[in-house]
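Respectively, the protein sequence lines represent chains A and B. To convert, count from 1 in the first sequence and add 31; that's this note's numbering. To convert, count from 1 in the second sequence and add 15; that's this note's numbering.
Worth flagging that the hints you see were computed from the coordinates, not collected in a lab. Note that the structure is a prediction, hence the values are computed from the model and not measured. Mixed in with the good hints, there may be bad ones.
Below are the DSBU-like pairs computed for lysine-lysine, each with C-alpha atoms no more than 35 Å apart in a straight line [as the list claims (entries may be wrong)]:
1) A:Lys141 / A:Lys98
2) A:Lys98 / B:Lys138
3) B:Lys184 / A:Lys141
4) B:Lys142 / A:Lys138
5) A:Lys138 / B:Lys138
6) B:Lys184 / A:Lys135
7) A:Lys88 / A:Lys98
8) A:Lys141 / B:Lys142
9) A:Lys98 / A:Lys135
10) A:Lys98 / B:Lys182
11) A:Lys88 / A:Lys135
12) B:Lys138 / A:Lys135
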Amino acid sequence: MDIRFEQAEARFEGRTVLHPLTLSLTERRIGVIGLNGSGKTTFARMINGLVLPAAGKVSVGGFDTSKDGDRVRALAGFIFQNPQNQIVLPVLKEDIALGLSTRKLSKTEKQEAVSGILARFGIGRLADRRVHELSGGELQLAALASVLVTRPDVLIMDEPTNQLDLKNRGLVEKTIHGLEENIIVISHDLDLIGGFDRVLCFHEGRLAADGPPGDVIARYREIAA
Amino acid sequence: MKSLHVEGDTFLHRLPAGLKLAGLAAVSLLLFLLHSPLLLAFAAVAGIGLYAMLGLGWRNSWQRLRVILLTIVVVSVFTLVINSPVDAAAVFFRLIALFLFAATITATTSTGDFIAVVTTAAKPLEKTGLITASDIGLAIGLVIRFLPEVLDRYQAIRDAHHARGLKPKPLTLAVPLIILTLRNADEIAAAIDARGIRSQK
Ligand SMILES: Nc1ncnc2c1ncn2[C@@H]1O[C@H](COP(=O)(O)OP(=O)(O)OP(=O)(O)O)[C@@H](O)[C@H]1O
Ligand SMILES: [Mg+2]
């Protein structure tokens, strides 16, 4: 997986939120940290084309996010800061099947894919539950299943553990560590990204540090102090 | 909010959803064409038999149905007072039959199947070039999915008023509710894009 930013800049209503940024992401596990409002979510949304660069270019696997949005989104799965808003049908297994709706699969193949992914995250028992009734931890795992069922090359997660209690946080962290997919994780949970291959730290819309977790987390602590 | 759908694998669950919904439409029409209390009573008994096939038991069934059954009783009593006993009996049995048929169909059809039927039924509308049939199906799914959340939010806003000793007024309830709902709608739309649910037109 190759994600490239070439002088890519993000603006909202004329205000620059992410200053021109050039980098290439190829590591399997990448963490993103920074203070509130530093531009992490904007950066992540640029990767899958939900935010398009006002200047410069972003590409994923060679596809330009501004031109080939659908292709890019098939490659890059996204878990939102609020997982309850990304599960759009009332019953979990129906929602997960919906993600496969644009694929040419038979009904049985779809059912197998759905039960397979639920089993993988140990939430088979939630298949027939109303999404509205799920707890925060269950929702986070459900969101993971709903995105990974389409087999994206890279999974972007926006603060996957920040609304969870200690037990569910542990469960979701363990699940994230067990993922074999390429992942990009935005988090305020420094333990979670401590073992990652590379960490980016944003500050006021600029990349303030980039490298192995130890160095970047140290820089983040200076910024926050 | 209680789910209307009942999990199971009865004969009714296995019937194609399109057939069930078309059948329900035909039966409803017939019920309004009939006026004989006797025939309508037969229909009501058939409705009871059909609903019983769900195997929910008396208690559970009563819990699910009581609000509407009581409404039907009230409507029938009014008809009795205003019109005749014959009219009242016809209204009573017609509504009972209608309601039980509809409740059975809802209980045995999953939202996914329901959406699929609506999408198929809406296909001819695509010719107008104004809409996509799958969007109509998705829209229905979204309403069923998010209605309880909107109601929760309404409760939360009302509780927030009480907690601060404010008297809830329509305006102060509606404005935050609309803003929160719209903000959610933005996120939901982004999620639908991100998941590629509508990608291939
Ligand atoms: N849709 C938008 N319209 C206008 N401004 C926005 C929008 N999205 C983000 N911003 C602004 O861009 C800046 C960066 O926001 P972003 O959400 O990327 O930060 P973040 O690092 O993810 O913060 P947090 O840790 O709080 O999630 C903020 O000043 C925010 O107000
Ligand atoms: Mg954010």
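To see whether the hints hold, each was checked on the structure:
1. Proximity of A:Lys141 to A:Lys98 is assessed by CA-CA distance (about 30 Å); at most 35 Å being required, the pair is judged to hold.
2. For a cut-off of 35 Å, the pair hint linking A:Lys98 to B:Lys138 stands: about 29 Å separates their Cα positions.
3. At most 35 Å may separate the alpha-carbon atoms for a hinted pair to count; B:Lys184 and A:Lys141 exceed this at roughly 48 Å.
4. Of the pairs offered as hints, the one joining B:Lys142 and A:Lys138 holds, with about 27 Å between alpha carbons and a cut-off of 35 Å not exceeded.
5. For the given pair, A:Lys138 sits about 20 Å from B:Lys138 by alpha-carbon distance, which is consistent with the 35 Å threshold.
6. The straight-line distance between the Cα atoms of B:Lys184 and A:Lys135 is roughly 51 Å, outside the 35 Å bound, and the hint therefore fails.
7. Only pairs whose Cα atoms come within 35 Å are accepted, and A:Lys88 paired with A:Lys98 is accepted, the gap being roughly 10 Å.
8. About 29 Å separates the Cα atoms of A:Lys141 and B:Lys142, which keeps this hinted pair within 35 Å; it holds.
9. Of the supplied pair hints, the one linking A:Lys98 and A:Lys135 holds, its CA atoms being roughly 24 Å apart against a limit of 35 Å.
10. For the suggested pair A:Lys98 and B:Lys182, the alpha carbons sit about 52 Å apart, so the restraint of at most 35 Å is broken.
11. A distance of roughly 32 Å separates the Cα atoms of A:Lys88 and A:Lys135; the hinted pair therefore holds under the 35 Å criterion.
12. For the given pair, B:Lys138 sits about 19 Å from A:Lys135 by alpha-carbon distance, which is consistent with the 35 Å threshold.
This entry does not satisfy hints 3, 6 and 10, going by the numbered hints stated previously.
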